[in-house]
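Participant: Please construct the entire structure, taking both the sequences and the accompanying hints into account.
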Amino acid sequence: MSAATEVRAARRRRTAARTSLTQRATYPSWFYLPAGVLYLIFFAIPTFASFYFSLTRWTLFDVEFIGLENYVQFFSEPQLSRGFTNTLVYGFVTSGAKVVLGLALAVLLTSQLIGRGYLRSVVFFPVLVSTIGVGITFTALLDPFDGVVNTMLAAFGIDGPGWFTDPNMALLTIAAVDVWKGLGIATLIYIAGIVAIPQEYFEAARVDGAGRWQQFRSITLPLVQPATATVIILSLIGGLRSFDLIWATTGGGPGFTSDVIGSVIYKQYQAGFYGLSTAGNVILFLVVTGIMVPISILLNRKAVEL
Amino acid sequence: MRRNGSWAVGIVAILVSVVVFLVPFVFIFFTASKDASEASRLEFSWPTTWAFAENLTEVLATRDGIVVRAFVNSTVLTVVSVVIMVILAAMVGYLLQRRQSRINGVVNFFVLAGLIVPPAVVPTVWVLQSIGLFKTMPGLILIEATFGLSFCILLFRAFVATIPRELDEAAIIDGAGPLRLFFTVILPLLRPVIITIVVVQAVNVFNDFTNPLYFLPGDENATVQLTLYNFTSQMVSQFNLLFMDILLITVPPLVMYIFFNRQIVAGMTSGAVKG
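Protein chains in written order, with this note's numbering: chain A, 1 to 306; chain B, 1 to 275.
These aren't lab readings, by the way, just hints derived from the structure by calculation. Careful: at least some of the hints might be erroneous.
Computed spacing ranges between beta-carbons, pair by pair [claimed, not checked]:
#1 Ser76(A) - Glu58(B): 44 to 54 Å
#2 Val23(B) - Glu69(A): 41 to 51 Å
#3 Thr232(B) - Gln112(A): 38 to 48 Å
#4 Leu189(B) - Gln23(A): 11 to 21 Å
#5 Asp208(A) - Phe183(B): 50 to 60 Å
#6 Ala53(B) - Thr165(A): 46 to 56 Å
#7 Val251(B) - Leu60(A): 36 to 46 Å
#8 Gln112(A) - Arg102(B): 47 to 57 Å
#9 Glu69(A) - Ala53(B): 55 to 65 Å
#10 Gly157(A) - Asn108(B): 54 to 64 Å
#11 Phe183(B) - Val100(A): 42 to 52 Å
Which residues of chain A face chain B? A few of them, derived with a C-beta cut under 8 Å, are [unchecked claim]:
#12 Pro28
#13 Phe53
#14 Asp143
#15 Phe216
#16 Ser277
The beta carbon of each residue, even a glycine, is placed where N, CA and C say it ideally should be.
Facilitator: Structural data, given as structure tokens:
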């Protein structure tokens with residue numbers, strides 16, 4: 001090794017050391033600290049502790065280790081395991097409906113249309129309204145006897161169902177209200193995605209004689225894929241974790257037919273079965289991560305570069 | 001021909017939107033304006049007697065003004081937790097973008113985990129109880145701030161990338177320390193994204209029901225969402241008052257939406273174009 005290269009290497013090492021030193025001084029690690037402390041105390045510790053407490057019979061003062069008994073109970077008692085299947089149904093139904101309706105509305109609202117601004121605001125506004133308020137309003141509107149919807153249907157000679165009171169309808173009715181409330185976000189995300197597609201693509205397709213449907217199939221649909229990924233991920237996370245809308249409308253009823261894991265957690269907590277409630281929480285954790293991790297990997301891999 | 005078609009589509013869309021999206025809100029307003037017996041019929045009709053002012057004063061006077069107290073509580077909760085959230089998340093997002101370090105990967109992982117993982121309820125109660133913050137406003141404020149951190153960090157990290165590093169270097173050469181640099185140079189430049197985050201998170205915290213239900217139970221120092229929920233059992237026969245309360249609770253987000261329409265849209269759609 002010649003002296004010249006040695007000197008150069010030494011100098012390079014020195015500059016590297018200096019930049020990393022100034023980097024450390026300019027951007028000190030303790031900037032992570034305040035947020036990290038909050039995250040550790042109020043999020044990480046409870047999450048890790050939940051794995052242990054889910055294996056116990058627990059009253060906050062008294063802990064008794066009972067192994068997997070809580071999980072066995074969760075899946076063997078129908079009023080608890082119903083919450084598990086309902087969570088999956090609710091998550092996928094709301095997410096799917098938001099993707100389809102959100103994309104359709106976004107295509108409509110990015111075309112030349114009268115009242116476009118009005119339509120965009122009116123679709124979005126429910127997003128900002130309190131979920132509890134929405135729940136109470138729809139309980140009144142969908143009342144099986146006096147409700148506005150069933151009175152209207154009766155005027156057409158249709159016998160309206162007991163939306164929230166029929167065991168077979170309750171969960172799907174809540175899902176529909178959820179879609180009504182959350183559709184605005186999905187639509188907005190899709191609008192942003194469609195607006196980002198260069199107009200030249202559509203012009204070129206039109207020159208080649210592509211119709212509206214063909215343009216949608218071969219340009220819009222593949223190129224809004226990042227928006228689709230965002231909508232699916234956001235609505236699934238929200239749908240699988242949902243609790244407040246269900247609690248404000250049916251409270252999990254009639255019976256336990258519209259219970260989801262979120263409401264089971266709350267009911268068991270109220271009843272004082274803290275271990276069982278925490279086991280519900282761990283199951284929810286496993287459901288959400290078990291679904292979200294593969295889906296986000298899949299969706300990110302499929303992304304089409306513009 | 002095509003013009004006519006799009007007119008027809010527009011008119012149909014407006015009619016459908018009126019039925020699907022406006023009727024529920026008009027229903028809230030009408031029911032809030034009726035007297036008790038008319039409201040209990042749950043009809044979608046023009047109020048025969050307007051009792052709007054009476055209902056308003058009656059709701060505000062219920063149980064020594066519990067609604068007013070709830071509004072004060074919710075305002076304190078929203079303002080303080082959003083301020084904490086914004087400052088702490090900005091520090092993390094800034095550092096995450098600026099400094100190349102081995103722990104970046106770990107931090108990113110925890111940020112994403114915070115976005116996906118549902119909070120463990122009873123263990124959180126247990127933690128709050130052991131540090132004496134269960135059923136207290138400070139406890140709930142810290143909880144809301146923590147649960148909102150991840151979303152804010154992601155937005156801040158993306159925005160800091162648009163601020164040139166040369167600014168940092170210039171400030172350092174002028175003798176600014178890391179704190180001065182962050183608070184007097186970087187933070188003011190983050191204004192657009194801060195407005196977005198403040199508006200979106202303020203609406204989220206104000207509308208939150210689940211966390212107050214778990215961590216601030218009891219109705220003495222309840223938030224607006226909890227009072228509304230408790231009213232459903234106490235006011236079964238007084239739908240006019242119940243819907244007046246819904247109307248009151250809807251006003252703050254509505255005002256936010258009118259003034260910050262663009263920022264809300266920007267915040268909620270961030271990440272849509274570049275997944």
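Participant: Each hint needs a verdict: does it hold in this structure or not?
Facilitator: Outcome of the hint check:
no.	hint	verdict
1	Ser76(A) - Glu58(B): 44 to 54 Å	50 Å, holds
2	Val23(B) - Glu69(A): 41 to 51 Å	50 Å, holds
3	Thr232(B) - Gln112(A): 38 to 48 Å	44 Å, holds
4	Leu189(B) - Gln23(A): 11 to 21 Å	20 Å, holds
5	Asp208(A) - Phe183(B): 50 to 60 Å	56 Å, holds
6	Ala53(B) - Thr165(A): 46 to 56 Å	35 Å, violated
7	Val251(B) - Leu60(A): 36 to 46 Å	39 Å, holds
8	Gln112(A) - Arg102(B): 47 to 57 Å	53 Å, holds
9	Glu69(A) - Ala53(B): 55 to 65 Å	58 Å, holds
10	Gly157(A) - Asn108(B): 54 to 64 Å	59 Å, holds
11	Phe183(B) - Val100(A): 42 to 52 Å	47 Å, holds
12	Pro28	5 Å, holds
13	Phe53	6 Å, holds
14	Asp143	6 Å, holds
15	Phe216	15 Å, violated
16	Ser277	5 Å, holds
Hint check: violations occur at hints 6 and 15; the rest are consistent with the structure.
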